[in-house]
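Go ahead and model the full structure; you've got the sequences and the hints to work with.
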Amino acid sequence: LLVVVSVVFGKDVADGGEKQSKLVQREQRQEEGLDKEAGVQKHDDKLQGKSHDHRSSSSETPAQDAGRTANKADEKKVEKLVTGSRAQARSRGGSTSMLLYEYEFVSETEINSNSDADKSYSKRESQIVTKLNATYAFDLTHYDKLGGILGRYHSQSRVNYVLVVVVQMIKCNSGPCDYDMPDLYVDFVQGGNNINNIFTNTSSKTKWNILLSAANIVHTPAISGGGDHQTVVRCFKIIIITPYGLCSYHFWRPEDKIFKRRVNKCSFDGIRNHSLIASATVHSYEHMIEYIQNAKMNADIAYIEADEKLHITSVPLKNALDMNIHTKTTLTMVNRTKVYVEPLCDMEETASECAESRLSLTKLGKSWQVVKQNLWMGLLKKIMEKYHKIKAQKRLDEVSENSDGSFIFSELVDAVSLATTEQLLETFEDKRNDPFLGVFTNALGSAGTMRTHRFARDVVLVRKQQFVSKYLESVALSTKLNDEVVDDIKVVCDEIQWLFTELAKQEQPIEQNETKKVANQNEDVDESKEALDHNRNFIRQIAFAYATLLNRFCKSSKSRLNACNNHKDKNVNEFIVAITKCDRRDVDCNRSALQILVNLPVAGVVPYASQFICSKDNSAQLFLQKNALKLLAFVETEFIETPVINKLLRIFRNACPLAQSTTDQTLTIDVLMNAVPEHASVDDYWKQLRKFKLFRNHYLHRSLKAMSNVYNVKIAESNNHIIESTSKTEFNNEIFKRSDFLISVRRQNGHQNSPVLALTVDTAGLANVVSDSQSEESDMDAYEAPEAVVQLSLFGSSLPPIKIFDSYTGLLSTVWNADGSIINAHETNIIWRQFVNVIPLFNGMTLTNDMIGGFSLKVSGSSKTSILNRDAQSTMINDVSASLDTKLTLVNGNGVVGNLWHRLSASGSVVLDLDVDFYAEPYLFCAVVSQGPLQLKYASTKKTMSYYQRIDNGKPKQNKFSHTVITPPHCYALNRRSTEMCNEMFKHKE
Numbered sequence: 001l002l003v004v005v006s007v008v009f010g011k012d013v014a015d016g017g018e019k020q021s022k023l024v025q026r027e028q029r030q031e032e033g034l035d036k037e038a039g040v041q042k043h044d045d046k047l048q049g050k051s052h053d054h055r056s057s058s059s060e061t062p063a064q065d066a067g068r069t070a071n072k073a074d075e076k077k078v079e080k081l082v083t084g085s086r087a088q089a090r091s092r093g094g095s096t097s098m099l100l101y102e103y104e105f106v107s108e109t110e111i112n113s114n115s116d117a118d119k120s121y122s123k124r125e126s127q128i129v130t131k132l133n134a135t136y137a138f139d140l141t142h143y144d145k146l147g148g149i150l151g152r153y154h155s156q157s158r159v160n161y162v163l164v165v166v167v168q169m170i171k172c173n174s175g176p177c178d179y180d181m182p183d184l185y186v187d188f189v190q191g192g193n194n195i196n197n198i199f200t201n202t203s204s205k206t207k208w209n210i211l212l213s214a215a216n217i218v219h220t221p222a223i224s225g226g227g228d229h230q231t232v233v234r235c236f237k238i239i240i241i242t243p244y245g246l247c248s249y250h251f252w253r254p255e256d257k258i259f260k261r262r263v264n265k266c267s268f269d270g271i272r273n274h275s276l277i278a279s280a281t282v283h284s285y286e287h288m289i290e291y292i293q294n295a296k297m298n299a300d301i302a303y304i305e306a307d308e309k310l311h312i313t314s315v316p317l318k319n320a321l322d323m324n325i326h327t328k329t330t331l332t333m334v335n336r337t338k339v340y341v342e343p344l345c346d347m348e349e350t351a352s353e354c355a356e357s358r359l360s361l362t363k364l365g366k367s368w369q370v371v372k373q374n375l376w377m378g379l380l381k382k383i384m385e386k387y388h389k390i391k392a393q394k395r396l397d398e399v400s401e402n403s404d405g406s407f408i409f410s411e412l413v414d415a416v417s418l419a420t421t422e423q424l425l426e427t428f429e430d431k432r433n434d435p436f437l438g439v440f441t442n443a444l445g446s447a448g449t450m451r452t453h454r455f456a457r458d459v460v461l462v463r464k465q466q467f468v469s470k471y472l473e474s475v476a477l478s479t480k481l482n483d484e485v486v487d488d489i490k491v492v493c494d495e496i497q498w499l500f501t502e503l504a505k506q507e508q509p510i511e512q513n514e515t516k517k518v519a520n521q522n523e524d525v526d527e528s529k530e531a532l533d534h535n536r537n538f539i540r541q542i543a544f545a546y547a548t549l550l551n552r553f554c555k556s557s558k559s560r561l562n563a564c565n566n567h568k569d570k571n572v573n574e575f576i577v578a579i580t581k582c583d584r585r586d587v588d589c590n591r592s593a594l595q596i597l598v599n600l601p602v603a604g605v606v607p608y609a610s611q612f613i614c615s616k617d618n619s620a621q622l623f624l625q626k627n628a629l630k631l632l633a634f635v636e637t638e639f640i641e642t643p644v645i646n647k648l649l650r651i652f653r654n655a656c657p658l659a660q661s662t663t664d665q666t667l668t669i670d671v672l673m674n675a676v677p678e679h680a681s682v683d684d685y686w687k688q689l690r691k692f693k694l695f696r697n698h699y700l701h702r703s704l705k706a707m708s709n710v711y712n713v714k715i716a717e718s719n720n721h722i723i724e725s726t727s728k729t730e731f732n733n734e735i736f737k738r739s740d741f742l743i744s745v746r747r748q749n750g751h752q753n754s755p756v757l758a759l760t761v762d763t764a765g766l767a768n769v770v771s772d773s774q775s776e777e778s779d780m781d782a783y784e785a786p787e788a789v790v791q792l793s794l795f796g797s798s799l800p801p802i803k804i805f806d807s808y809t810g811l812l813s814t815v816w817n818a819d820g821s822i823i824n825a826h827e828t829n830i831i832w833r834q835f836v837n838v839i840p841l842f843n844g845m846t847l848t849n850d851m852i853g854g855f856s857l858k859v860s861g862s863s864k865t866s867i868l869n870r871d872a873q874s875t876m877i878n879d880v881s882a883s884l885d886t887k888l889t890l891v892n893g894n895g896v897v898g899n900l901w902h903r904l905s906a907s908g909s910v911v912l913d914l915d916v917d918f919y920a921e922p923y924l925f926c927a928v929v930s931q932g933p934l935q936l937k938y939a940s941t942k943k944t945m946s947y948y949q950r951i952d953n954g955k956p957k958q959n960k961f962s963h964t965v966i967t968p969p970h971c972y973a974l975n976r977r978s979t980e981m982c983n984e985m986f987k988h989k990e
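Sequential numbering from 1 applies to the sequence shown in the UniProt record's numbering.
It is worth saying that the hints were derived from the structure and are not from the lab. Careful: at least some of the hints might be erroneous.
[Unchecked claim] Ranges of calculated distance between the beta carbons of each label pair, as one might list FRET restraints:
(1) 567 x 180: 55 to 61 Å
(2) 537 x 822: 24 to 30 Å
(3) 418 x 252: 43 to 49 Å
[What the hints assert, rightly or not] Once the Cα atoms are required to be at most 20 Å apart in a straight line, the calculated EDC-like pairs of lysine to aspartate or glutamate come out as:
(4) 568 x 636
(5) 987 x 915
(6) 464 x 487
(7) 714 x 430
(8) 265 x 322
Where is the CB? At the ideal position from N, CA and C, for every residue including glycine.
Below, the structure is given as structure tokens:
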């Protein structure tokens, strides 16, 4: 197995003159051989070739020449040390022989981008290259016996020792390595080279440096006694084996005297790791290390070559984001010396006990994950604080309606995350920021820290209650799933049932006062109703946000998802019980519960929703079945059992106790369509369904009496990912019933569909108002008052629905006010991707990876209705701005060495136009989806600083590149049926 150091154990020679004389003579003969062996010139031929190739590839600098001259002087000092320590130890009559090693540490790091925009520039202009050369040494301070290991080595038995190795920095020959490094003590098992603990001789925070990097390279996670071929697969989660997280690991010996290790498939959790779109960005890490042993009389590692690669890309945007970090490091033995010292610790003490009790060292940890937490990993905090000072000088009115809205919001979230409470309060109380407090509230919710939550709860939502909805929709999709924030929201949700009860009590006196019609009490009644509506809306908004947070917790891991679906998650179970504890006759309570649970579609909601479908209860049929079917459409099909499927089939066949509306029947199809097998196409699926009697055309001379239109538009396509919009419109007996508009990101194989924006419009009770004809459908509408409801969903999180009108008076008011003026319906800002991590590299530096993606949405629209011409035109405009910023910062002990920053942004609009002609039945309608001008921006900045610039606070060398593409507006092609209907309607208007 791999042996990094060779230990020579000398027994006590205080007694026995003849025995001592023989021992000294034997040690002198060994020293003569070892002295001849010292230096890289006496290594085996293969090692000489590797060392010669490496040195010939890098030019000698004056600093390196000076370093080698100084090394000769150091060798003389070491020779005196050896002679003095040997004489001193022998004069005392007892000694322990110890080996001193010197290694040359040479590393080169290259950071570059291979995106399409960067290819137009030279490689030298768009990359960062850092080289360094240093010399370090280590010696053996203490060893102890862990126990006997039976082994056979040519009639010799070898004992497995635990060692404390002291690693010391000697000289920085060239490059960014000239900074203070505390001594490093490594407690490891010889043979397997497994690390037990890592210590340092300073109590302050240690930075990642060359010595820690050398320890990471040298010491392998190979299991002692596990053989020459070992593999640890990451999915088993046995141990944390690297500073990067859980990784797959392979260790093997391709040939004699040569060992290799490979680490890849690492799970980069990061300080923050948040994404609303699957595979938005991907980090791929791998390193390969080759160890070459000395071919002479000992088994020392004479040469190590380490190759480290980190690839950052985006699956949907691979051509726009493709960054690579490549580090190549070599460790070459340049000196090996034996010294004699008096033991520092007793043999019975373990290495860790010796380090902590006798040497008073500071423990960094056992696993690299713990060690990394106890290090000061670069200058992340200092960089962000400086970044925040820059942002503090900007006014929030820069967050305007332009293409940079999402980018500026991303910067604002970064600044808010690290701001103090005093800074937040100063920003909030600045009167100049009043027009932009909505954006500021979105940033507080997106930050997701307990500090921002408390500030929003105790300050913003108390003084500016109109921003409650903005904060809750942002905190539901916050960049950090904070347990404390969720628990704080849970406290309110635990009281939901009590609050609903209190609200119900408040409704009674209001109704009594209205029936009395006492003039002097009318104002009090109006105020009570307003307060009642406010409290009810506030409770529903909290419940919608809390349901989304619980759903995100459930989806954060497979084990949590299984617990949520198997009724083993306490918070999920308690919330479902609280939200569904409604009287069956309470339509409003049950309808709210069904709408809220759409954000938490776990298995536990199926029994509750199924009781309202195909029911004998007329109120459940009219007011609850539609919402129950919408909820079931979001639930995984495996949790919808046979009794529920039979109910769905009876709805489709109109075989329930009560007559079914065509809207409910089409919603039933949406639930059944979720059962499409993953390996089958939709066409094949429907061919199989057509074989069943109930799915045949005009079964029992009855088909769905509805005219619907569904068409899909491919907005963009890149690397097996598609951005598309889907529009559904339903007319029952020529009366508009509902419409669904969805923008999503989907993989071409059909999996991992990530919704971005969804807008749903539902109507009821319009048949008796708009149409003169009588039908079964209009008879069912007679039980319902005219109603129109709009609901918005962002990244799969539904917001509380908003009623446009819910009475005849409201309908008439809406029609008369539909004069074509633009109305701002909704505006929000969301962080869809954030990743922050500090990655230790083999060159002794750290790489800070700061990535953030912002999304800004503004929904506006207009509607115009002409009673004279009996037609209507409606327009919905979705102004969208999205950005993704990636910054790589290379940091050493002195500060920032260089950084590479990439920014990708897009801005545009998606417009949905709906024209309706109700001059004569059947009514004609035309829905068209169009896209406004689309602006794509790409920018790149490279900054590098030399050592003297960092010391003198000089300005860095900077290169900037930018590229902008603007595509013209265009309309998307309609399907054949939609085109024919639009042509017929426009002909009628002419």
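So, going through the hints one by one against the coordinates:
no.	hint	in the structure
1	567 x 180: 55 to 61 Å	holds (57 Å)
2	537 x 822: 24 to 30 Å	holds (25 Å)
3	418 x 252: 43 to 49 Å	holds (45 Å)
4	568 x 636	holds (18 Å)
5	987 x 915	holds (13 Å)
6	464 x 487	violated (23 Å)
7	714 x 430	violated (45 Å)
8	265 x 322	holds (18 Å)
In this structure, the hints that do not hold are numbers 6 and 7, in rising order.
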